[in-house]
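Participant: In UniProt numbering, the protein residues as written are 1 to 674.
In case anyone wonders, no lab produced these hints; they're calculated from the structure. Watch out, some of these pointers could steer you wrong.
[As the list claims (entries may be wrong)] Across the chosen pairs, the derived CB separations fall in these ranges:
{"hint": "1", "residue 1": "D430", "residue 2": "Q195", "range": "24 to 32 angstroms"}
{"hint": "2", "residue 1": "Y552", "residue 2": "P313", "range": "19 to 27 angstroms"}
{"hint": "3", "residue 1": "N450", "residue 2": "R111", "range": "39 to 47 angstroms"}
{"hint": "4", "residue 1": "Q195", "residue 2": "G531", "range": "53 to 61 angstroms"}
{"hint": "5", "residue 1": "G277", "residue 2": "N450", "range": "52 to 60 angstroms"}
{"hint": "6", "residue 1": "Q274", "residue 2": "A452", "range": "54 to 62 angstroms"}
{"hint": "7", "residue 1": "R549", "residue 2": "P313", "range": "21 to 29 angstroms"}
{"hint": "8", "residue 1": "G288", "residue 2": "A593", "range": "25 to 33 angstroms"}
All values reported here derive from a predicted model rather than from experimental measurement. Just so it is clear, CB atoms sit at the ideal spot from N, CA and C, and this is done for glycine as well.
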Amino acid sequence: MSQRKSHADTLSGDLFDSLPPAPQLTVPALLLELQSWTEAGWLRRLDLAFARFMAELDPSAAPELILASALVAHMEGRGHSCLVLADLLTEPHTLLNWPSDGLTALLQTLRQLASSTHDWLHALRASAVVTASAALDAMPPLVLLDGRLYLRRYFDYEQRVASQILARVGGADETADAATLRPLLDRLFGQSDTQDWQKIACALAARGRFSVITGGPGTGKTYTVARLLALLFANAAQQGAADRLRIALAAPTGKAAARLKQSIDKALAGLQQQLPGLALTELATRMGAARTLHALLGARPDTRKLQHHAGNPLDIDVLIVDEASMIHLEMMAALLDALQPHTTLILLGDKDQLASVEAGAVLGDLCREAEAAAYTPQTMQWIAAATGQQLDVQWQGHGSALAQHTAMLRVSRRFSGPIGELARAVNAGDASGALHILQAPNEGEIGWTNHARPTAVVNLALQGRDGAPGGYRSYLDVLNAGPTAHASHDEWARQILTAFDRMRVLCALRDGEWGVSGLNGAIEGALVERGWLRKRGEWYAGRPVMITRNDYATGVFNGDIGIALPAPGRNEALRVYFLEGDLVRSVLASRLADVETAFAMTVHKSQGSEFEHTVLALPDEGSQILTRELIYTGITRARLHFTLVSADARVFSAAVTHRTRRASGLEQALQRPH
Numbered sequence: 001m002s003q004r005k006s007h008a009d010t011l012s013g014d015l016f017d018s019l020p021p022a023p024q025l026t027v028p029a030l031l032l033e034l035q036s037w038t039e040a041g042w043l044r045r046l047d048l049a050f051a052r053f054m055a056e057l058d059p060s061a062a063p064e065l066i067l068a069s070a071l072v073a074h075m076e077g078r079g080h081s082c083l084v085l086a087d088l089l090t091e092p093h094t095l096l097n098w099p100s101d102g103l104t105a106l107l108q109t110l111r112q113l114a115s116s117t118h119d120w121l122h123a124l125r126a127s128a129v130v131t132a133s134a135a136l137d138a139m140p141p142l143v144l145l146d147g148r149l150y151l152r153r154y155f156d157y158e159q160r161v162a163s164q165i166l167a168r169v170g171g172a173d174e175t176a177d178a179a180t181l182r183p184l185l186d187r188l189f190g191q192s193d194t195q196d197w198q199k200i201a202c203a204l205a206a207r208g209r210f211s212v213i214t215g216g217p218g219t220g221k222t223y224t225v226a227r228l229l230a231l232l233f234a235n236a237a238q239q240g241a242a243d244r245l246r247i248a249l250a251a252p253t254g255k256a257a258a259r260l261k262q263s264i265d266k267a268l269a270g271l272q273q274q275l276p277g278l279a280l281t282e283l284a285t286r287m288g289a290a291r292t293l294h295a296l297l298g299a300r301p302d303t304r305k306l307q308h309h310a311g312n313p314l315d316i317d318v319l320i321v322d323e324a325s326m327i328h329l330e331m332m333a334a335l336l337d338a339l340q341p342h343t344t345l346i347l348l349g350d351k352d353q354l355a356s357v358e359a360g361a362v363l364g365d366l367c368r369e370a371e372a373a374a375y376t377p378q379t380m381q382w383i384a385a386a387t388g389q390q391l392d393v394q395w396q397g398h399g400s401a402l403a404q405h406t407a408m409l410r411v412s413r414r415f416s417g418p419i420g421e422l423a424r425a426v427n428a429g430d431a432s433g434a435l436h437i438l439q440a441p442n443e444g445e446i447g448w449t450n451h452a453r454p455t456a457v458v459n460l461a462l463q464g465r466d467g468a469p470g471g472y473r474s475y476l477d478v479l480n481a482g483p484t485a486h487a488s489h490d491e492w493a494r495q496i497l498t499a500f501d502r503m504r505v506l507c508a509l510r511d512g513e514w515g516v517s518g519l520n521g522a523i524e525g526a527l528v529e530r531g532w533l534r535k536r537g538e539w540y541a542g543r544p545v546m547i548t549r550n551d552y553a554t555g556v557f558n559g560d561i562g563i564a565l566p567a568p569g570r571n572e573a574l575r576v577y578f579l580e581g582d583l584v585r586s587v588l589a590s591r592l593a594d595v596e597t598a599f600a601m602t603v604h605k606s607q608g609s610e611f612e613h614t615v616l617a618l619p620d621e622g623s624q625i626l627t628r629e630l631i632y633t634g635i636t637r638a639r640l641h642f643t644l645v646s647a648d649a650r651v652f653s654a655a656v657t658h659r660t661r662r663a664s665g666l667e668q669a670l671q672r673p674h
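Please put together the full structure from these sequences, using the hints given.
Facilitator: The following block contains the structure:
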């Protein structure tokens with residue numbers, strides 16, 4: 001572990017108490033201090049500008065308000081929807097990924113301000129730029145509620161999400177009758193006394209207008225939702241409304257949307273025999289392609305305005321959204337606003353994966369009670385009537401209204417081997433158990449390279465490892481061989497894209513030699529040196545790229561991955577080819593401005609994807625960025641083989657025991673009476 005990290009961990013209340021007394025701080029002096037923090041890289045320029053703006057709006061503001069303004073803006077940039085004042089005063093070192101000198105400066109500044117949470121609250125409430133009102137029409141730019149300070153915009157998002165969900169789960173207007181569902185569910189899942197969480201999840205999702213189905217990889221989320229679609233379709237057919245049932249599929253990224261559609265189409269085709277009287281293949285066609293959430297809502301370039309909103313809602317009856325862990329707070333608010341009151345929303349996702357890059361941890365907040373499954377006696381009776389299954393008494397409790405519409409799938413049918421064991425150990429925070437699994441014999445499914453240099457990652461990227469052959473050479477062999485006489489150009493492009501997607505290098509960091517930028521350059525350079533790639537400038541045949549910004553003119557979206565290839569019949573023209581399900585589409589390389597090379601990508605960007613062989617590269621020093629959720633997400637991207645590259649086992653162990661913390665009030669807002 002690095003010395004800097006170790007020292008930062010000591011910056012606690014003991015150090016705060018040991019600092020010498022400091023004079024009372026004035027607002028001008030504080031702004032100068034904040035400017036120095038910005039120049040040191042601890043704060044963003046945006047954070048400083050917001051603090052200055054608050055000082056201009058309220059010339060009589062206390063310095064506590066100015067510091068809190070800078071920090072609440074900074075916290076939003078780090079994924080938090082609010083600043084918890086008690087945490088700022090008692091454990092600031094856990095809030096900020098700052099070096100030790102930055103944390104020392106913060107503690108010194110805090111010592112010059114109010115000493116108690118009560119005094120901080122008084123100083124903030126005294127300002128005209130702060131409101132304590134939960135009313136959405138209150139205008140001040142900052143909101144203070146229950147000891148949490150919000151930027152007005154994010155408070156509004158949180159309140160809208162909570163209000164919409166509570167409206168959907170709080171009523172008694174169940175949309176399906178348990179006795180009607182029972183025979184259909186028995187045909188789809190069979191009859192068994194064994195507790196079947198997939199059947200239970202399907203029943204609960206058909207019960208109302210909002211539900212969450214969560215579970216780890218291999219637990220059958222898309223398997224369950226395909227049967228849910230068949231169930232809803234069959235139920236509508238019994239009411240003579242099947243032709244009018246409008247269903248849409250969506251996901252945060254194009255890759256995840258394509259995978260969702262492909263999986264559901266395949267599952268519906270397999271279900272046709274179980275429900276021969278229903279035109280399930282016709283249903284798959286009628287649903288159309290799964291779309292990104294941005295495309296579904298009609299996002300417009302360079303603006304937050306959307307085509308669909310409360311005044312122009314989506315014309316659909318059922319919306320299924322996969323990879324919901326990636327949905328940030330603003331997007332969830334916009335999505336719920338765009339739904340009609342009768343529309344049923346079903347969210348699918350793994351609550352233990354990384355939260356969204358932008359502010360909020362919506363799925364995590366929605367699933368706080370998922371593992372306990374605290375169903376009321378009334379819900380348990382409804383489940384028994386709909387499924388024929390009596391839940392174990394351990395699941396009976398007094399959970400929230402949302403908990404009655406949440407189901408957690410608990411049996412993984414894919415991750416039963418060493419990768420699954422490793423994922424479960426990491427998810428449980430069992431660092432020693434995870435290390436034992438990494439070191440145990442496993443016939444090549446798991447590898448651990450404790451090499452101190454990034455060249456270990458490059459070697460894996462080029463040709464794989466013992467027990468997990470391949471690497472990027474496999475897609476380059478197809479590229480350099482060229483199209484066969486019997487294959488079309490699109491088929492050749494499909495073979496290249498499929499071969500490339502068999503493996504991926506994932507990074508915890510963006511910058512540095514262990515980050516995306518460093519490893520992309522190192523891998524690219526090694527491939528060129530061996531003659532497997534012929535690089536001529538920025539664009540070259542075989543360059544894998546990731547789209548980094550939505551481009552509605554070309555129809556590509558943030559997170560899409562393609563490969564540059566020569567266009568048929570024109571050797572000089574490069575097009576970037578993308579695989580969308582079984583379809584291949586292409587865009588002229590010269591039209592794509594916002595791209596980056598994608599031999600390596602961040603774990604965040606990998607969500608919604610799977611690879612036969614996943615290589616996870618950790619830096620040689622610890623960081624607040626390295627968390628249990630990041631490691632778990634990286635591991636669960638692997639379908640057949642997983643390789644960890646970590647020079648220091650202590651870095652891995654520290655990450656496994658370090659949970660992501662996202663400050664939010666959504667969980668509390670969802671508990672309020674409806």
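Participant: Each hint: holds or not?
Facilitator: Now for the hints, and whether the structure bears them out:
| no. | hint | in the structure |
| --- | --- | --- |
| 1 | D430 to Q195: 24 to 32 angstroms | holds, 25 angstroms |
| 2 | Y552 to P313: 19 to 27 angstroms | holds, 21 angstroms |
| 3 | N450 to R111: 39 to 47 angstroms | holds, 42 angstroms |
| 4 | Q195 to G531: 53 to 61 angstroms | holds, 57 angstroms |
| 5 | G277 to N450: 52 to 60 angstroms | holds, 59 angstroms |
| 6 | Q274 to A452: 54 to 62 angstroms | holds, 55 angstroms |
| 7 | R549 to P313: 21 to 29 angstroms | holds, 27 angstroms |
| 8 | G288 to A593: 25 to 33 angstroms | holds, 29 angstroms |
When the structure is compared with the earlier hints, no violation turns up for any of them.
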